[in-house]
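Q: What follows is the residue order along each chain.
Number of protein chains: 2
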Amino acid sequence: MITPFKYAVLALFLAGGTALAASKSPADILQGAPAGDWRAVDPDNTLLMEVGGHGVVIELAPQFAPRHVANIRTLAHEHFFDGLAVVRVQDNFVVQWGDPNAEDTAKARSLGGASGKLPAEFSIPAKNLPIAKLPDPDGWAPVTGFVDGFPVAEDPARNQAWITHCYGVVGAGRDNPIDSSTGAELYAIIGQAPRMLDLNITVVGRVLVGMQYLAALPRGTAAMGMYDKPEQMAPITTARLLADLPPEDRPKLQVLRTDSKTWKALVEARRNPPDAFHVHKANFTNICSLTVPVREGGKP
Amino acid sequence: MITPFKYAVLALFLAGGTALAASKSPADILQGAPAGDWRAVDPDNTLLMEVGGHGVVIELAPQFAPRHVANIRTLAHEHFFDGLAVVRVQDNFVVQWGDPNAEDTAKARSLGGASGKLPAEFSIPAKNLPIAKLPDPDGWAPVTGFVDGFPVAEDPARNQAWITHCYGVVGAGRDNPIDSSTGAELYAIIGQAPRMLDLNITVVGRVLVGMQYLAALPRGTAAMGMYDKPEQMAPITTARLLADLPPEDRPKLQVLRTDSKTWKALVEARRNPPDAFHVHKANFTNICSLTVPVREGGKP
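Line by line, the protein sequences give chains A and B.
Under the working numbering, think of the first position of the first sequence as 2, with each following residue one higher.
Under the working numbering, think of the first position of the second sequence as 2, with each following residue one higher.
Among these hints, one or two may not hold up.
No more than 25 Å apart at the CA atoms, straight line, and that leaves these computed lysine-lysine pairs for DSS-like [said to hold, decoys possible]:
1) B:K128 x B:K282
2) B:K282 x A:K134
3) B:K128 x A:K282
4) B:K118 x B:K108
Calculated directly from the structure, the hints in this document are not laboratory data.
Whenever a hint applies, use it, and build me the whole structure from the sequences.
A: Below you can see the structure in the form of C-alpha cells.
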C-alpha cells in the first residue's frame, strides 16, 4: 500500500479529523489546537437528514443565501423532505434529492408554509466579508479563502463573494430561470469541483458528516444519472433541523474555526506536507483541495 | 431538477460521450467530429478488469511510465491480479486494489516474471512532447494540457512533464522509498484531484470505462479507508490486456484525439458554455475539469 504516513495525513484532512498514530504534523497541529479554535454548529441552521439509514449533517449558510436557507428551514420544520428520496447520482458530479418535480407547478409537492418563489442568491457583497484568504492563485476567481468554514471566492472589483462548488457543497437545483430554485430540490457535489457552476446557482450549505454515504450511492443509469426505477432511490426518512430535535438527539458537532491559527497552520502543512513521502512539495494548494475538520463530542 | 439542458451538456462531458437530445453545442461538436478525430485504443496497453461483476477499462501510459507499464503488462499476462480485490476506498480520494502486501517482501504475492524493483517514473522530459496546451493558468504547474488523451502538466524550466492526478487517473502505490512501487498495487482517483501527489508517485494510466462502479464502492471504515473484513472487498475476477483476449471479446473503444479541432472546440465550450443556464461564463477551465470523450463501437 501507499505509505501509511502519507495516508494518515490525508485521511486526517479528508475525513475531517480522525487522529491517527502514524500521522505527523497536521495531526499534531490539530491536537494542539486550543478549545477556542473550535466552534459548535448552530442548531437552527444545521440539518440532520436520514438517507438510506445513514445520517447526513448539512450546515446551512444563511449569510450567503438567507432566503433559500429560511425556506429550507421551513421545509424541514414542516417535514417536507420526509418520504422523498435521492433521485439522481451522476458520477463525478452530483447526488440530488428532494422533489424531482419542484419546478413543475402542476406536479410539485406542496411547499406548505415555504415560499414557492425566491430571488437568485448567487453572491453577496464581498466588502468587509471576513475571509481567511489563501495565499495561492485560484484561476476561477481573483481571491479565495474560507468564511466560517465555508469555501469562498471573491471578486473585489465586482464586490461579489460566493461559496465555491467544492466537494460536499450543497446547492439548490434550478431550471433555466435564475429565480426558479426554492430549496425543495437539493444537490451535493461528489466529484471534481464543478466550478463552472459558481455564480450560476444558489449554494445553501455544505455536508459536514456523511459524504462517504452520499458519494457511494449507485450511479443512476438514465440520462444525467437519473434513477430509472423508484426502488433504486435511497429514501429520505426524515430531515430535521437540529433545533427541532430533542437536545439529547442532536449530534454534538464542532467545526474548526477557519479564522484560527490552527487552520492557518493546517493550510500551510497542506501546501508543503511535512513528511518523508512528499519528495516534491508543491508549495501550493487550492480552495477545493482543503477540508475543514469537523469533530463530534469535542474529539477530533 | 436542474435544467435538463445544462445537465445534458455536463453529462456529455462527464460520461464521456452520451449524446442527448436536449444537448446543444458540445453534443453538436462531437456529432460533427470526423472519424479521424477518434483513435482506437491499443490492445497491448489497455487492461480490462472485472471488478465485482463490472468491467473497468484502464488505458496504460507507456510513454510516461515505461517500466511500470511493462511490469503491469507482465502481471496481467500472468494473471497476477486474478483473485485479488479492492482493499481500500477512501472517500474523496482513492480506490485501491491489488496486493495489499506488495511492499512487504515476506508477505508479498510472487510477481512471477515481473520485476520486483523499478525506478521511480514520476516525470519524463517535457521538451518536444506534443502537448495540446490549455489556455488557462493552473497554479500547480506552469503548463497544462493533454497528450494523447492523458491530462499532463509541464515545467519547461525543469524539462519535466507528468500526468496530473485528475479523476480516474491510475497510479502505482508506493511506500516512502520512491522506488518501492511495482504496479502490483494500484489506485484510481475518485474525488477532488489530489494534485499534491503529482511528481510524488508513478502514474500508469487512466480509467476509460467503469469509474461509476469504482467510485460507488462502499468506503472502508478502517483508518485511511481500508476495509476491515475480507467480505467487504470487491473481488477482481480477472484483469487482462485486451491483446490477451479473443478479438471478439475486446471492447471496441475509441478515444477522442486531444490534438484534434474537435477537442479544442469542446474545451472552449467548457470554458464558455454556450447555453442559457450559465448566466455567468467563467471563460476559464482547468485540466482536471475536462474529461476526454470515449465511445464504444464508433458511437458516442
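Q: Identify every previously stated hint that the structure contradicts and give their numbers, smallest first.
A: 1
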